Amino acid sequence: MKPHETHEINFKPAMRPAFFIAALVLTLRPAPDATAQTVDEQVEQQVEQVVRAKALQTLRPEIGRSVKAQVALAVKLQATHASLAETQVSLALLQASRKMMRGGESELVKSFSVSKGGNLEVSVSTGDVTIETWEKSEVVVRVSGLDDAEFTGKDEGKQFEITQSGNTVRVSRRGGDNNRYRYSDQGLDYNITVPSQFNLDLRVSSHGDIEVASGLTGNFKAQTSGGDIKCRSITGLVDVSTSGGDIEVGRVQGDVTLHTSGGDIEVESATGTADVRTSGGDIRLGNVLKKLRARTSGGDMRIADAGGDVDIVTSGGNLRVGKVGGNLEARTSGGDIEVRGCTGEAITKTAGGDLVMENIQGSLDARTSGGDIKAELTPGPRGRSVLSSSGGNLTLHLPENAKATIDARIRLSDRWNFNFKMFAPVSPMPPIPPIPPIPPIGGSSSAERKEYEREKKQYDAEVKSYEDAQKKFEVEMKEYAKKIKAKSGQHNAVIVGGDDDDEKGNKSGYSIRSDFKADLTEESGRELHSTYTLGGGGQPISLETSNGNITIKKLGKR
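Sequential numbering from 1 applies to the sequence shown in this note's numbering.
A hint or two may mislead.
Subject to a maximum C-alpha distance of 16 Å in a straight line, what follows is the list of computed EDC-like cross-link-like pairs (lysine to aspartate or glutamate) [what the hints assert, rightly or not]: (1) Lys374 - Asp336; (2) Lys290 - Asp311; (3) Lys323 - Asp309; (4) Lys291 - Asp336; (5) Lys323 - Asp311; (6) Lys221 - Asp255; (7) Lys349 - Asp365; (8) Lys230 - Glu268; (9) Lys472 - Glu451; (10) Lys290 - Glu338; (11) Lys553 - Asp515; (12) Lys374 - Asp354; (13) Lys374 - Glu338; (14) Lys110 - Glu138; (15) Lys230 - Glu248; (16) Lys221 - Asp201; (17) Lys110 - Asp189; (18) Lys290 - Asp305; (19) Lys323 - Asp282.
Source of the hints: derived by calculation from the structure; they are not laboratory data. Source: prediction; values computed, not measured.
Work out the full structure, taking the sequences as your base and the hints as a guide.
Okay, structure coming up:
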């Protein structure tokens, strides 16, 4: 490229090239101090200014993409060979040409007298919808971004249907099916002001964002296929859905139902129930005073506190929950679960993560296939608690005065190739009594009677053998009881496997360690089993893991 050479960027005929060529004719001059880095920065900055000014956002898509590419090229050429000031002048001309490209813009304004508690219904194919509130008994509808080539004052009724029926105001786009996308609607804005006490039903069938300002008292329903939905403080029901955007909700005095197929969901707080679902994003919820149900297929969940029952599921993320004032059910296929408190029944399950359960007041069912479990439990008078892991450590904290009956068990898996060693006797198996033969019925043949007599003699002999085995079993049980008695009252028990020694020269292995005394401890080459009766007994608690340790501590001790 030669210095001082003039380059023209030509646009399509439909883009009114005469004006644009004048706007984008660039007189290029060398700039020896320019670097590749500063050029890139200038290009990004200048193109962003144009986009923010909506010089391109309001164009038809196929035109807008072409213009944006041409602008990026023009800015780069100018930033390389001319001063930044001249570049800004050229871009200013481009921004000023927006109306020329669209044939000019007009705004449609209509107002209606209404009373509080009325309804606004909006149904359009595309465009952003913004709702504001005031204390007047009036609805004002403003539609901007209209193309003068398609709109004139005399036929405004042919373009939009903005009507009132009783205390209901309806806004829709004329000219066919409202569900059909129109290029001519690209860049339309619907700015509507309603009384602070009003109900909203807003639908954008194709692409567009929906936003509602704070201060609304009334029900809010909204649906868009390709945009975000935002609403601030609302007193009333909130029921919104989007197929391809985020949902952001502030403080809601009422119930919320939020669904999105491809975005995140965030709620500051809700005084009612919450039903939240997303197929591909994260969920972040503040305080929910009543029941909560949430689902996500591919994201994390963070929930502050909930006053009622909580039912949450994610297929591929972590779950973080504050205090729950009811029952809790939390499941994830591939993440961790943390709960800061629950006053009811808590059920937590994960296929591949750790569980941390604090301040559980009631019962707990915590299961993981491949992680550790740490829990603080105050057992309730009813229910049953289970801590189960297929390959991790279990740590349970209980109040010193807890009433519970604990069964703790460690199993060793063959896959670890341990050379198991016996440390305590195995309980003897009682003999199995013989089964008496069936006597023949009337009319039986002599052969059948003889067979019965033979079986009867064999049965009598088996009975005598059984009686002898029973006496032997009773002797073995007395001996076994003596050996077990020596182990009763232990705090800790260890099961050893493998040939490796630790730093002190002891065999490495897994253990059950407790701040409470055990009633019974059984050790075998494949299993370690201990039982505890706390406070005279109470809620059954089962702790079970494979190839892991079990620790039972008094609450408050670490």
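Cross-check of the supplied hints:
no. : hint            : in the structure
1   : Lys374 - Asp336 : holds (12 Å)
2   : Lys290 - Asp311 : holds (12 Å)
3   : Lys323 - Asp309 : holds (11 Å)
4   : Lys291 - Asp336 : violated (22 Å)
5   : Lys323 - Asp311 : holds (13 Å)
6   : Lys221 - Asp255 : holds (12 Å)
7   : Lys349 - Asp365 : holds (8 Å)
8   : Lys230 - Glu268 : holds (12 Å)
9   : Lys472 - Glu451 : violated (32 Å)
10  : Lys290 - Glu338 : violated (20 Å)
11  : Lys553 - Asp515 : holds (5 Å)
12  : Lys374 - Asp354 : holds (8 Å)
13  : Lys374 - Glu338 : holds (10 Å)
14  : Lys110 - Glu138 : holds (10 Å)
15  : Lys230 - Glu248 : holds (5 Å)
16  : Lys221 - Asp201 : holds (5 Å)
17  : Lys110 - Asp189 : holds (14 Å)
18  : Lys290 - Asp305 : holds (10 Å)
19  : Lys323 - Asp282 : violated (20 Å)
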